[in-house]
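Enquirer: Residue numbers (this note's numbering), protein chains in the order written: chain A, 1 to 396; chain B, 1001 to 1396.
Bear in mind the hints are in silico, worked out from the structure with no lab data behind them.
All residues carry an ideal CB built from backbone N, CA and C; glycine is no exception.
A portion of the hints provided could be inaccurate.
[Said to hold, decoys possible] No farther apart than 25 angstroms at their CA atoms in a straight line, the calculated lysine-lysine pairs in the DSS-like style are these:
| hint | chain 1 | residue 1 | chain 2 | residue 2 |
| --- | --- | --- | --- | --- |
| 1 | A | Lys326 | A | Lys192 |
| 2 | B | Lys1052 | A | Lys52 |
| 3 | B | Lys1295 | A | Lys52 |
| 4 | A | Lys235 | B | Lys1295 |
| 5 | B | Lys1052 | A | Lys144 |
| 6 | B | Lys1144 | A | Lys7 |
| 7 | A | Lys144 | B | Lys1007 |
| 8 | A | Lys235 | A | Lys326 |
[Unchecked claim] If we take Cβ atoms under 7 angstroms as the criterion, some of the chain A residues that face chain B in the derived model are:
| hint | residue |
| --- | --- |
| 9 | Ala107 |
| 10 | Pro250 |
| 11 | Val275 |
Protein chains: 2
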Amino acid sequence: MISNKMKVLVANSSTIRAMFEEGKRLANLYGAENVYDFSLGNPNVVPPDAVKEAIVDIVNEENPNVLHGYMNNSGYEDVRDTVATYLNNKYALNLGTANIVMTCGAAGGLNIILKTLLNPDDEIIVFAPFFGEYSNYVNNFDGKLVIVPPDTTTFEPNMEALKAALTSRTKAVIINSPNNPTGVIYSDSALKQLAAILEEAQKTFNTSIYLISDEPYREIAYDHATVPYPVHYYKNTFIGYSYSKSLSLPGERIGYIVVPSEVDDFNDIMGALNVANRILGFVNAPSLFQKVIGKCIESEVDVSIYARNRDLLYNHLTSIGFDCIKPKGAFYLFPKALTADDRAFCEVAKQFNLLLVPGSSFGCPGYVRLAYCISYEQIERSLPAFSKLATHYNSN
Amino acid sequence: MISNKMKVLVANSSTIRAMFEEGKRLANLYGAENVYDFSLGNPNVVPPDAVKEAIVDIVNEENPNVLHGYMNNSGYEDVRDTVATYLNNKYALNLGTANIVMTCGAAGGLNIILKTLLNPDDEIIVFAPFFGEYSNYVNNFDGKLVIVPPDTTTFEPNMEALKAALTSRTKAVIINSPNNPTGVIYSDSALKQLAAILEEAQKTFNTSIYLISDEPYREIAYDHATVPYPVHYYKNTFIGYSYSKSLSLPGERIGYIVVPSEVDDFNDIMGALNVANRILGFVNAPSLFQKVIGKCIESEVDVSIYARNRDLLYNHLTSIGFDCIKPKGAFYLFPKALTADDRAFCEVAKQFNLLLVPGSSFGCPGYVRLAYCISYEQIERSLPAFSKLATHYNSN
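So here's chain A without its partners, still in its complex pose (with noise of 0.2 angstroms):
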């Protein structure tokens, strides 16, 4: 009785609650401690002391009917405000309480967003290697997803593959920088091209085309590297923020869509989002969250403690012959497999205990995503495993 649209995707996620189940199949017969799930983009760094004091603080200050009370589906003014703000400083915008709407996560954001522009077969362009669930959302409302395929030399955009797929139905292009699952952050020259590009296309097509810019890793760099802000580059451009990895909560669902006040049709772009973010039974971003991040507008988590893991893991696996970029961010490896078959290279790694994600589930055949977001000392004890894995195939 379920729907047809269901059943695909309840067959497609059987693939990842089957991987969960062999983790922990795993982790009963040979100790948790023994087991290596690279699968999860889980955090594991803390959330900021600041959290939590800021809970206690808002619950013993604010009136418990306004702080848990329903509020402007777009969320509280005084947060958007601060959001408004924040940005404004960091980035040199000129944002108002007007172009902030508080989402449920980066999820929820790009879910509004794909509802308040899609008519069915609109298509959203995204780029190989990418984030699986931009499909799902895409299918939530009909819309055709085109994939550019990957340039798997630097993993940025493949900008010739881009201009063959723009169409007078592109609606929107989504991109995912710091990227799940290559770690990799577009540069201000890829970011440079693609605006020209797209730019390009609209008068080409005389039509509207929006990049959506996903970027739950924002605050996930390493090296000093900066990620260059997309509004700066193309005017027709949405953010979508989480704090799920920036402050570590992501079970907590909280993050805010930006849109300039350049974007063509805004207002009724903003009108619709605000009635997409009810109607979609959102309804409004966690309230009491919403007040967090009011307060917690500074608060980071230590990224050193992803960037040490990335050494450790990155430094073993290029010197047992894997090939792989270094990656500026987020908290993900994409390394080569050692064979062409990517599925079954991750089968083979689970005689090692090691649990990595195909590359196919993104769209990039030939390559594993390692999620690096677990302990130091788990990465540690893994290292032997991924040499007996390379040992495996060297000597096959």
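Given the coordinates of chain A, assemble chain B onto it according to the supplied hints.
Expert: Frame of chain A, contents of chain B only:
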């Protein structure tokens, strides 16, 4: 550039925004204490102290990465177990963790149920008067809303009209008791009749027809009234529950779905609800408030405050000639307008600083909704305005 669907939705929602703006305008002109806003269902009774205590205890006791982290998309197992056990004790059921999905309020719950069930053009039956958002939720998944006309004598479901509305495309029937906007609690006898009609229709059409019970007002019941539990009446029942009213936490977006193991295609449905929670962008119900529910499962707001409001307003309105059922639940009165055109009546009411919602917004023209979840003192101050409104109509 916004989608065709959203253009319609934004236009419809401008009425609500217009009323909100009108309220602010009147408050500026006359002072907030002289504007009688009966338009919003935002609880004014304070959340139980237990909620605040639970929040502080939880953030002091729990590992913050677990507390604020990802869990199964259906929610924390311990919380789902607590909910199941509570319901088993209260309603003599046999639920377990596998029968509960924690959701972003009832709105989130209804949306994932409809995402799970609906193919395009499948029919969902609602009983007028009904919460207007059902129309939007069904439209999210391209379903067809079928409205059963009201029985204005009792405001219970119109059974003869239901029989006529059922077809081979009927996927589900939504009920809402205690009801928004009437405050009526559907009786034991009504639920028995409803179940018999649905059983019969399932046989006639050889289909599964689900009953979706939307229950944000279950705990808001007066005069020792009992609210029958639909699971006892009909096998294919979903319960969509919310703590928005029972704990006065509407902004926090916390609730759950109950799916008894006996429903048709139980396993497929639970798998699909889990996936739908993820891909619609909820991902999971907000994590801290899941834990709050785990600690506050026995807590309730002081419903006597609403009962006192109801009595004050109901007694006055009926004394000055309004025709109104005395509701046993929720926090709304639904009197007949003093003229056939309910929208015109609400416009006239504004002249007396009374903000009411036309019954047309609930599929029931000729009536108006008054939300009495405002202070007793404010209701007291409003009574002369209602008297003037009645005099206006009686003298014309």
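Enquirer: Are the hints correct? Go through all of them and say.
Expert: Hints versus structure:
1. A/Lys326 with A/Lys192: Distance ~23 angstroms between A/Lys326 and A/Lys192 Cα, so the pair holds.
2. B/Lys1052 with A/Lys52: Roughly 14 angstroms separates the two Cα atoms, so the pair holds.
3. B/Lys1295 with A/Lys52: 18 angstroms, holds
4. A/Lys235 with B/Lys1295: Violated: A/Lys235 and B/Lys1295 sit about 48 angstroms apart, past 25 angstroms.
5. B/Lys1052 with A/Lys144: 46 angstroms, violated
6. B/Lys1144 with A/Lys7: 21 angstroms, holds
7. A/Lys144 with B/Lys1007: 21 angstroms, holds
8. A/Lys235 with A/Lys326: The given pair, whose Cα atoms are some 31 angstroms apart, is violated under the 25 angstroms limit.
9. Ala107: 4 angstroms, holds
10. Pro250: Since chain B brings a Cβ to about 5 angstroms from A/Pro250, closer than 7 angstroms, the hint holds.
11. Val275: Result: holds, 5 angstroms to nearest chain B Cβ.
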